[in-house]
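Peer 1: Residue numbers (my numbering), protein chains in the order written: chain A, 1 to 214; chain B, 1 to 214; chain C, 1 to 214; chain D, 1 to 214; chain E, 1 to 214; chain F, 1 to 214.
Hints are computed from structural coordinates only; laboratory data are not their basis.
Treat each hint with caution, since some may be false.
[As the list claims (entries may be wrong)] With a Cα cut of at most 30 Å, we get these calculated DSSO-like pairs of lysine-lysine:
1) A:K182 with B:K195
2) B:K206 with A:K68
3) F:K39 with F:K68
4) E:K41 with A:K39
5) A:K161 with A:K43
6) A:K173 with A:K68
7) F:K55 with F:K147
8) E:K118 with A:K41
9) B:K43 with E:K161
10) F:K43 with A:K43
11) B:K95 with B:K116
12) B:K71 with A:K68
13) E:K43 with E:K71
14) A:K182 with B:K55
15) E:K193 with E:K161
[Stated by the list, open to error] Ranges of calculated distance between the beta carbons of each label pair, as one might list FRET restraints:
16) D:G51 with B:Y171: 53 to 63 Å
17) D:D188 with C:M72: 29 to 39 Å
18) F:K206 with B:K193: 44 to 54 Å
19) E:G174 with D:D80: 45 to 55 Å
Think of the CB as a built atom: it goes at the ideal place given N, C-alpha and C, for glycine as much as any other residue.
Here is what each chain is made of, one letter per residue.
6 protein chains.
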Amino acid sequence: GEIFDKEIYQDNSIAGVVTGLAWTSVGGEILFVEASLSKGKGKLTLSGQLGEVMKESAVTALSYLKSKAEKMGVDYRIFDNYDLHVHVPAGAVPKDGPSAGITMLTAMASIFTQRKVKSKVAMTGEITLRGKVMPVGGIKEKILAAKRAGIKEIILCEKNKRDIEEIDEEYIKGVTFHFVDKVEEVLDIALLKSKVEEPMIFTFPKENREEASN
Amino acid sequence: GEIFDKEIYQDNSIAGVVTGLAWTSVGGEILFVEASLSKGKGKLTLSGQLGEVMKESAVTALSYLKSKAEKMGVDYRIFDNYDLHVHVPAGAVPKDGPSAGITMLTAMASIFTQRKVKSKVAMTGEITLRGKVMPVGGIKEKILAAKRAGIKEIILCEKNKRDIEEIDEEYIKGVTFHFVDKVEEVLDIALLKSKVEEPMIFTFPKENREEASN
Amino acid sequence: GEIFDKEIYQDNSIAGVVTGLAWTSVGGEILFVEASLSKGKGKLTLSGQLGEVMKESAVTALSYLKSKAEKMGVDYRIFDNYDLHVHVPAGAVPKDGPSAGITMLTAMASIFTQRKVKSKVAMTGEITLRGKVMPVGGIKEKILAAKRAGIKEIILCEKNKRDIEEIDEEYIKGVTFHFVDKVEEVLDIALLKSKVEEPMIFTFPKENREEASN
Amino acid sequence: GEIFDKEIYQDNSIAGVVTGLAWTSVGGEILFVEASLSKGKGKLTLSGQLGEVMKESAVTALSYLKSKAEKMGVDYRIFDNYDLHVHVPAGAVPKDGPSAGITMLTAMASIFTQRKVKSKVAMTGEITLRGKVMPVGGIKEKILAAKRAGIKEIILCEKNKRDIEEIDEEYIKGVTFHFVDKVEEVLDIALLKSKVEEPMIFTFPKENREEASN
Amino acid sequence: GEIFDKEIYQDNSIAGVVTGLAWTSVGGEILFVEASLSKGKGKLTLSGQLGEVMKESAVTALSYLKSKAEKMGVDYRIFDNYDLHVHVPAGAVPKDGPSAGITMLTAMASIFTQRKVKSKVAMTGEITLRGKVMPVGGIKEKILAAKRAGIKEIILCEKNKRDIEEIDEEYIKGVTFHFVDKVEEVLDIALLKSKVEEPMIFTFPKENREEASN
Amino acid sequence: GEIFDKEIYQDNSIAGVVTGLAWTSVGGEILFVEASLSKGKGKLTLSGQLGEVMKESAVTALSYLKSKAEKMGVDYRIFDNYDLHVHVPAGAVPKDGPSAGITMLTAMASIFTQRKVKSKVAMTGEITLRGKVMPVGGIKEKILAAKRAGIKEIILCEKNKRDIEEIDEEYIKGVTFHFVDKVEEVLDIALLKSKVEEPMIFTFPKENREEASN
Ligand SMILES: [Ca+2]
Ligand SMILES: [Ca+2]
Ligand SMILES: [Ca+2]
Ligand SMILES: [Ca+2]
Ligand SMILES: [Ca+2]
Ligand SMILES: [Ca+2]
Ligand SMILES: [Ca+2]
Ligand SMILES: [Ca+2]
Ligand SMILES: [Ca+2]
Ligand SMILES: [Ca+2]
Ligand SMILES: [Ca+2]
Ligand SMILES: [Ca+2]
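Chain A on its own, in the form it takes in the complex (with noise of 0.2 Å):
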């Protein structure tokens, strides 16, 4: 495959870039989701020539982390003060499917924490607005290019431990596999609990909002 770049991405000096896997028609590849956020009012942007399928993904994953804002110690104000952009490269190259959701999730999730994700590590999985992860397919031809890529730790949904467990063991030798069932496995592995250096700093204009019971 040339139409991805093929270099695994070891600099988890940036918050929001996270490794993903894809599956096209010449085999396995990697790809990156990266996210960035800047002052706005809470638009969300996608770009790469993502397919509908794929752009739902991320709309879904963006309302499972407003849902679990406090959780995960996230402000909410961000998500009314600045605008999110993902962006999936290569931006020529057509891309659709489920199975970026979780990448998506995680680079969504370290650019609003401004937490590291950790390096050498890759994922593929559908996620739903609860928080469920689902099983994907090309699981064989993308833990080859993973391994090819350098990876050293793979995130896949607890289903496709049968889609593993048919590849030549020699084939992924110094892989670690973590299966899954939720979103906060995904992020407990993937994301570090430092923040990236000179992470951002948010800003907010006043708000009026008051506490009401139910």
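Since the structure of chain A is already known, use the hints to place chains B, C, D, E and F with the ligands on it.
Peer 2: Relative to chain A, chains B, C, D, E and F with the ligands alone:
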């Protein structure tokens, strides 16, 4: 059927997740409707490759809920100060038709009231804006799929009763059927009185709406 | 015809539900136009797989109502402070054409005034923006469908009188026809003076509009 | 032709209704342009299955009116504080072309000034943004249709005079023709000085626009 | 050619009307670009069945003007407090291509400055955002059409000079050519210093923009 | 190639104009990316018949710039209080692909900082959201076109080095190549430290954003 998640959803500790029944070219399936709320301005987001008719069902369900907010004990300000997202996994499978109407309505009612959804209940039926439940197709296949998945109670339109009568009794042993005409009956059966653990606490900005007699 | 709900709607305790007459490839049918209001900002939502012409009928009906608000005793602020949803079941059946114009107008007039709709009345006719009622097609089939459904009074355009004269009398025995030219006549016949039980109480924010002579 | 309303509109007690002339595959027809205003925020709604060119005519007519508001005695605040709806029955008949331009402009001018429209007058002609009237096609067929409908005065572009000269005189006996170059001439002929009975009383919120010399 | 208005526009008492040159399948034509302003919020409306490229020309012309507002003596607040409409008759004729760029720019410059447009001048040329004039096609046919219409001066891109040199001299006798590289030159030639009679008086709401050094 | 402007752009007295390299069916070409700012509300306008991928490049470049505003000495308020227009002449030529990414970024950086662009520099390369420069195609043809146009320095992705090595040396004599990996390197090379003469003075309304630690 490989496309939908076939495991029954038993964990009703989260509000907003309800089991529906789909009818595909390869038979019946259970599906999940997931609703979530996050602080916002009343935007409705729909995802899961929903077709036009299914999207209209969601919009109709929301209008119905809004018009009954007071009766259901829902603070009207939630509609203006929170965004609602409804997602139907699997994210890559196109879905359409009106039969998820009552499932969507129940998921929304649960998330807005934070009430638990009864476990092992599934449902299928169109809704109208005035709260009527209308019959849908594919009942036999849907029932069999529900039974296989471990569903114990099924909610259907009264007019779908005849479809049940044609199914061999042994296939439906152990399943309780609820035949309904109105949306209120659906909610009475499917929503428990108790709220989920750690329910969302809704907060609002100051409002300046005044009473006026008409 | 299997596609529409064939039961006559007798329960006029709810405002905003009016019986119309449709003409499909398999004959005439009764259909329901359902209108509901919820607090909002004056948005109009249309659902039920309505075609362009039918959507324009709804928009025209609403403009007509707004321009006659004062005469009809409707507080103008409702238009700005509530959202209107008009739904036409069955949700999966595409519908089009201008003949539901007076039905939509009557449903809207009922929901805005909270006045009861006369029971066992059905209607079919195009409206124009200045309140004229225009003739529509398929009258014979529509009348027969209304009769079968138990409708007792039918409102038609004066110019559709000739279509009635061609129907064998025994088929229309017991049905009263109202031939009208203007929208006001439709409302006089179809809307009762009394409000529904438990009418909506409309509330408004403070307004700063001032009088200015012209 | 069956598709349009063939009765001449004589009741000029309502502002905003003007008779135009259409040219269809089956000959000429009279048509009506209906304009209405309701409190709002300056939105323009067009209905009647109007094509792109006809919609642009309406938008051009409105821009012309706005730029001449002061000269015509129209309080500029109406444009910001009222919504304008222009409808052309019959609602199901697709219509296009620029020839309704002056008819639309006259309907709008009548509704904004609340001045009566002269009765038994019809018109056809394109407008430009600077107020020029341009010739249109189908003149002969349109004239004959107007004559059959009882129209007594017809307004045409000066450049359409030659089309009239080719019509046998007996067909146009009793019809007065007005040949014009400019929109002002159309309004001088078609709008009466007197307002309709019970004209709309326009009301406005406080405004904070200041004068500034340029 | 019958489709465009062939009369030269001599009445420069109105701001915002400029003569351009079009090249159609049946030869060259003169066309008019009409610009008008009305109180609003900075909206741009384009009409006359303009294609994508022609619409982008208009948007580019407006951005250029805005970036030069101060130099041209245009109060910046006009852009925010007035709506601009650009129309190109005839309304039913589809038009496209970049060659009306300088014509649109000149029409806009005239309406914003209220300066008269020189009479008997026509022009054709693409503009770029930095104010460069670029060559366009169909020059010979356009020149002949301009000559036939009575045009006395024509503005072209310097790079279109060679196209003129190929035209037989007798066809262009009495026409003055201006070859330009920059938009400023176009405006110097085509806009008179004097304002139109009864120029628009622009008014503005209070503004709270502050100076800040950079 | 006739379609693009082949003259090298030497006048760097204007901010926001940068030379890129395009690869068309008839060979390489130089093209210009033009950026301009005008007072507004942060709107981005793209013109020049840009395809989807090229538009996404522009959006990605802008997000990158916003996220680096502070480091680059750009007052963040410019993004909210000015509109950005990016145009790529010739206006009628459809353009697409990601290779103008770094050219767009440089044009935007110049207009926001008002810094001069180095003259006789051209560039081609995709950008990603995290500021990585990626290789693009058609390098040989692009280089030859740049050389023909008088370009002296060319910026390319490090990974495009091999494409240069395949070009016969005599064709590239006198051209300096810069191979880069990151966007920062591009800007270091292409943007001069000095501002253009008569730089724009940015002004802002009062702002009420407060600092908050995170
Ligand atoms: Ca695409
Ligand atoms: Ca996939
Ligand atoms: Ca789709
Ligand atoms: Ca169904
Ligand atoms: Ca549809
Ligand atoms: Ca009909
Ligand atoms: Ca249409
Ligand atoms: Ca016409
Ligand atoms: Ca068009
Ligand atoms: Ca051209
Ligand atoms: Ca295009
Ligand atoms: Ca390229």
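Peer 1: So, for every hint listed, does it hold in this structure?
Peer 2: Hints and how they fare:
no.	hint	in the structure
1	A:K182 with B:K195	holds, 23 Å
2	B:K206 with A:K68	holds, 24 Å
3	F:K39 with F:K68	holds, 21 Å
4	E:K41 with A:K39	holds, 25 Å
5	A:K161 with A:K43	violated, 37 Å
6	A:K173 with A:K68	violated, 36 Å
7	F:K55 with F:K147	holds, 27 Å
8	E:K118 with A:K41	violated, 47 Å
9	B:K43 with E:K161	violated, 57 Å
10	F:K43 with A:K43	holds, 13 Å
11	B:K95 with B:K116	holds, 26 Å
12	B:K71 with A:K68	holds, 29 Å
13	E:K43 with E:K71	holds, 23 Å
14	A:K182 with B:K55	holds, 27 Å
15	E:K193 with E:K161	holds, 27 Å
16	D:G51 with B:Y171: 53 to 63 Å	holds, 56 Å
17	D:D188 with C:M72: 29 to 39 Å	holds, 36 Å
18	F:K206 with B:K193: 44 to 54 Å	holds, 52 Å
19	E:G174 with D:D80: 45 to 55 Å	holds, 49 Å
Violation of the numbered hints given earlier is confined to hints 5, 6, 8, 9; the remaining hints are satisfied by the structure.
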